[in-house]
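Here is what each chain is made of, one letter per residue.
Number of protein chains: 2
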Amino acid sequence: MKKKENSQHRSDPHVGEMKNMYLLGLDVGTTGCKSVIFTPDGEVISSAYGEYRLYHRRPGWSELDPKEVWNTTKETIRRSINKGKIDPKQISALSTSVLGDAFIPVDDAGNPLYWSMTTVDARAAEQTRWWEENFGADRIYRITGQPLTSSMPIYPLPKIQWLREHESEVYRKTAMFLCWEDYVNMKLCGKPVIDFSVASRTMMFDIAKKEWSREILETAELDENLLPETQPAGTVIGQLDSDAAKETGLSEETFVVTGGHDQACGALGAGIVESGPAMDATGTVECIGVILKTLSLTERARLQGFAVHHYVIEDRYFLFGFNPTSGVILRWFRDNFAEKEREEAKKKNIDVYDLLMSLAAESPLGAKELFFLPYFEGSGTPTFNRKARGVFLGLTLAHGKNEVLRSMLEGLSYELRRNIEAIEKHGTEITEIRAIGGGARSAFWSQLKADITGKPLVVPNVTEAAALGAAILAGIGAGIYENAEEALRGVYKEKSRFSPQAENMKRYNRYYDVYMRIYNPLVRIFDDLSELTKET
Amino acid sequence: MKKKENSQHRSDPHVGEMKNMYLLGLDVGTTGCKSVIFTPDGEVISSAYGEYRLYHRRPGWSELDPKEVWNTTKETIRRSINKGKIDPKQISALSTSVLGDAFIPVDDAGNPLYWSMTTVDARAAEQTRWWEENFGADRIYRITGQPLTSSMPIYPLPKIQWLREHESEVYRKTAMFLCWEDYVNMKLCGKPVIDFSVASRTMMFDIAKKEWSREILETAELDENLLPETQPAGTVIGQLDSDAAKETGLSEETFVVTGGHDQACGALGAGIVESGPAMDATGTVECIGVILKTLSLTERARLQGFAVHHYVIEDRYFLFGFNPTSGVILRWFRDNFAEKEREEAKKKNIDVYDLLMSLAAESPLGAKELFFLPYFEGSGTPTFNRKARGVFLGLTLAHGKNEVLRSMLEGLSYELRRNIEAIEKHGTEITEIRAIGGGARSAFWSQLKADITGKPLVVPNVTEAAALGAAILAGIGAGIYENAEEALRGVYKEKSRFSPQAENMKRYNRYYDVYMRIYNPLVRIFDDLSELTKET
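Here the protein sequences come in this chain order: A and B. Read left to right, the first sequence gives residues 19 to 554 (my numbering). Read left to right, the second sequence gives residues 19 to 554 (my numbering).
These are computed hints drawn from the structure, not numbers from a lab. Just to be clear, a hint being listed does not mean it is correct.
Given that identical chains are not distinguished, each listed pair holds provided it fits within a single copy or across any two copies.
Pairs of lysine to any residue, SDA-like flavour, derived with a Cα cap of 25 Å [what the hints assert, rightly or not]:
hint, residue 1, residue 2
1, K365, G472
2, K386, T554
3, K209, A193
4, K524, E450
5, K443, R528
6, K552, M534
7, K513, S293
8, K101, L240
9, K386, E247
10, K103, S376
11, K103, I63
12, K405, L415
Here the structure is a predicted model, which means the values were calculated and not measured.
With the hints as extra help, turn the sequences into a complete structure.
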């Protein structure tokens with residue numbers, strides 16, 4: 019497509035034709051699925067959301083029911099088409115953005131044989147430790163780009179080994195182990211193809227060679243035939259099966275295109291195609307991702323917990339850090355200590371988070387020297403310590419709810435800066451922050467992040483960045499866009515921009531210095547707490 | 019008085035006569051004054067309370083208006099007599115328990131010349147530092163028993179020097195510097211006599227020699243004539259002036275007897291006459307006091323902040339530690355984070371603190387490994403660090419309001435244990451805890467303190483321990499009791515007793531071990547916070 023950049027040319031018959039061509043971005047997440055239909059300009063035609071359950075059959079287990087997820091996904095696609103009141107034939111192509119790590123063992127006929135363990139399912143600690151001790155976490159990192167630690171047994175490979183040991187009947191019957199991207203692709207067009215970005219998370223993919231790692235599979239005694247075909251993101255796999263078309267309401271003419279890992283799709287939706295801008299996706303969890311100039315896998319980055327994936331553009335690599343408890347801490351506060359604000363928000367018909375943000379804004383900068391460490395489920399990158407815990411430090415009688423809230427937002431933002439600095443030390447300069455996710459809705463927090471990091475923060479005009487990223491990949495596959503850069507010229511728009519305020523930056527530099535001195539002396543205490551928790 | 023121990027002898031005419039003799043205990047505190055009329059058995063006949071204002075004319079200043087305090091005191095005495103519907107002649111004697119540290123410069127006629135600076139008035143930091151640097155805090159401790167640090171300029175002597183430097187006209191006119199005990203005594207019977215316990219707090223009293231310290235007064239270039247006569251507690255000074263009798267509603271026949279420092283009076287009211295039981299007075303502040311077997315002033319105790327006073331029994335010494343923010347932290351939580359509970363308590367017509375205690379009781383022991391350091395205004399004994407700040411450490415998403423509340427009570431109780439252990443290391447074994455003040459009202463907290471300290475905790479059957487202690491001193495002065503021991507045989511009664519539960523004790527030992535490891539690594543961070551506060 020040669021997209022016209024000037025909207026005055028909209029009457030051009032070619033563009034008129036284009037206007038009736040749509041792209042569907044599917045976003046299969048941990049607790050629900052979104053189906054969003056976009057114009058090639060990135061405007062949302064319609065959007066639908068369906069929820070499914072996350073099961074915890076045993077402590078430490080966390081699973082999805084594959085049938086339930088697929089049924090919900092089908093229905094969600096159908097609802098988005100109906101809501102859009104469009105002819106399904108108008109959807110040129112679709113791609114899928116998926117949660118990482120989760121996988122499904124399927125039989126010869128493609129039927130699921132077991133639950134789908136998600137990232138936080140912790141059952142494979144022993145198998146993960148085995149790799150640490152016998153293969154080496156450094157070696158795994160050099161091949162796959164994934165930091166390995168037995169305290170976070172998140173990857174599919176050790177979980178597959180767990181299945182072999184504990185569910186041998188399931189393992190014996192398994193014809194393939196699929197991630198959610200390839201599973202959905204198989205359901206839609208019969209071909210279980212996975213893209214490089216999702217494959218990167220399996221702990222079995224050689225990211226430099228762009229193929230399943232022989233070395234790892236041999237060590238695991240795992241047949242490569244059990245794994246799906248890999249392709250770059252944005253590759254056409256086929257067109258809809260007639261059965262799948264009936265089930266979803268889609269047309270058999272629609273192309274199925276490889277999508278990608280949700281963080282990478284989100285970054286693409288936020289307009290990131292090269293090294294420079296950092297994605298800051300703030301939801302329950304916060305992810306900070308950048309495109310690397312060159313593939314670089316250092317020991318320091320591994321120990322800091324930074325994962326390196328294929329990006330959803332070929333030959334570009336995506337490094338990302340995370341804070342496992344970001345927005346979820348605000349929810350924790352809302353649920354436990356903001357009864358009054360919940361009631362007030364209800365009465366005034368406003369969002370309770372907007373109310374909490376306005377309280378935080380009433381506190382002076384620095385929250386009267388109250389500091390907050392947001393490690394409610396261990397720390398993410400770059401301290402990467404599962405034993406870390408949340409801390410309020412510096413309390414006096416002068417601190418009220420406003421200061422407590424502000425200290426929480428400041429602490430979360432200091433962690434963002436800490437990640438940015440670690441990434442920059444890794445060799446990738448960050449020019450600006452692209453904020454997506456629920457956190458980007460708050461102007462106060464966005465300005466805080468700009469002031470604390472010293473980086474301009476841009477909120478793109480997009481609500482569902484991961485679905486948009488997937489739709490862009492679909493469009494590339496279908497030939498609507500020549501490449502991602504071309505797509506984004508039309509699609510990417512800034513909604514708002516927050517520049518660091520010099521005076522605030524200066525003051526926050528001083529607070530950040532102190533913040534950075536808090537963690538180290540606490541490490542030994544976190545060890546003590548962890549011991550105590552084990553004993554009790 | 020030969021008090022009958024058997025109540026069956028109540029018809030004895032001598033006892034009948036005794037029953038119509040009363041003792042008045044006056045308690046002049048920081049924010050209000052209590053007047054309580056007791057029978058010699060310690061039963062309350064009537065009680066009145068009057069409030070006065072604490073003025074903060076400048077940041078760091080904290081003052082009482084002497085005229086306002088005296089007017090309120092007069093009225094409060096009168097109201098207690100009226101409420102009791104007794105003939106004032108029935109009041110054999112009265113004594114006064116007072117806040118320490120506060121003093122009043124008076125002219126020749128006994129009229130106040132200036133405001134009365136209270137303990138926390140911080141203006142004399144420079145003068146206090148002068149003593150530290152030129153005289154030595156260790157030397158001050160060896161003479162007076164008072165730990166001196168310029169970060170806590172609490173004592174009268176440096177404040178008198180501040181007056182000399184900054185209010186020279188006031189200083190020039192001053193005939194005497196009186197504490198509140200001697201001021202009230204002067205008002206009642208014309209003689210400004212101070213007891214040894216209150217004199218101990220002035221930083222001018224030689225506690226071994228029981229006289230004003232020549233050495234210190236000479237260094238300060240302060241004339242001893244500016245200071246009042248000193249006497250042991252429980253010494254008759256005189257009888258009511260006719261003017262004072264008219265002003266207060268008291269009788270001219272009533273004896274005025276030296277009382278004492280409110281903490282020592284409280285301990286006496288809690289039945290403490292010898293080494294063994296520890297007073298634990300939990301109000302806004304928490305004070306832990308014991309009678310020493312022998313006068314012992316070690317360097318360690320000084321650095322830990324333990325003050326040694328004369329007790330209100332001659333030749334007995336009272337050592338006491340403190341936690342500057344105890345109950346006040348619960349009030350802080352109530353005011354900032356318990357809107358829902360405040361409303362609920364109002365609806366159900368119950369005390370909100372009772373409700374908060376019941377929530378804390380719902381948390382498991384150890385608050386799910388959440389720890390709390392209550393240093394909201396610096397730490398008291400034995401860490402004694404003005405720069406310390408409050409900390410919650412160990413937060414996870416599993417912690418709710420119940421755990422936060424329990425962690426606060428546990429943290430406060432760990433501090434009690436820390437003080438008990440420091441006092442025991444100082445050579446005084448503690449046999450049981452006598453709990454008084456608002457904190458003693460909670461059975462849950464009392465049991466927690468017993469479980470955490472491993473000491474039985476007794477709540478005496480007394481609501482106004484300091485006023486009762488003063489009344490006992492009045493009775494000793496008036497000859498109604500031969501001595502404190504005899505008085506307490508009739509007066510002291512247990513209301514409830516909490517024994518440490520073996521299983522809980524064992525578990526808390528483990529938690530306490532971890533608690534004790536938290537403070538040290540934080541000291542450097544507290545220094546950082548203090549620097550930051552200074553800068554901003």
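Numbers of unmet hints, in rising order: The structure breaks hints 1, 8, 9 and 10; every other hint is satisfied.
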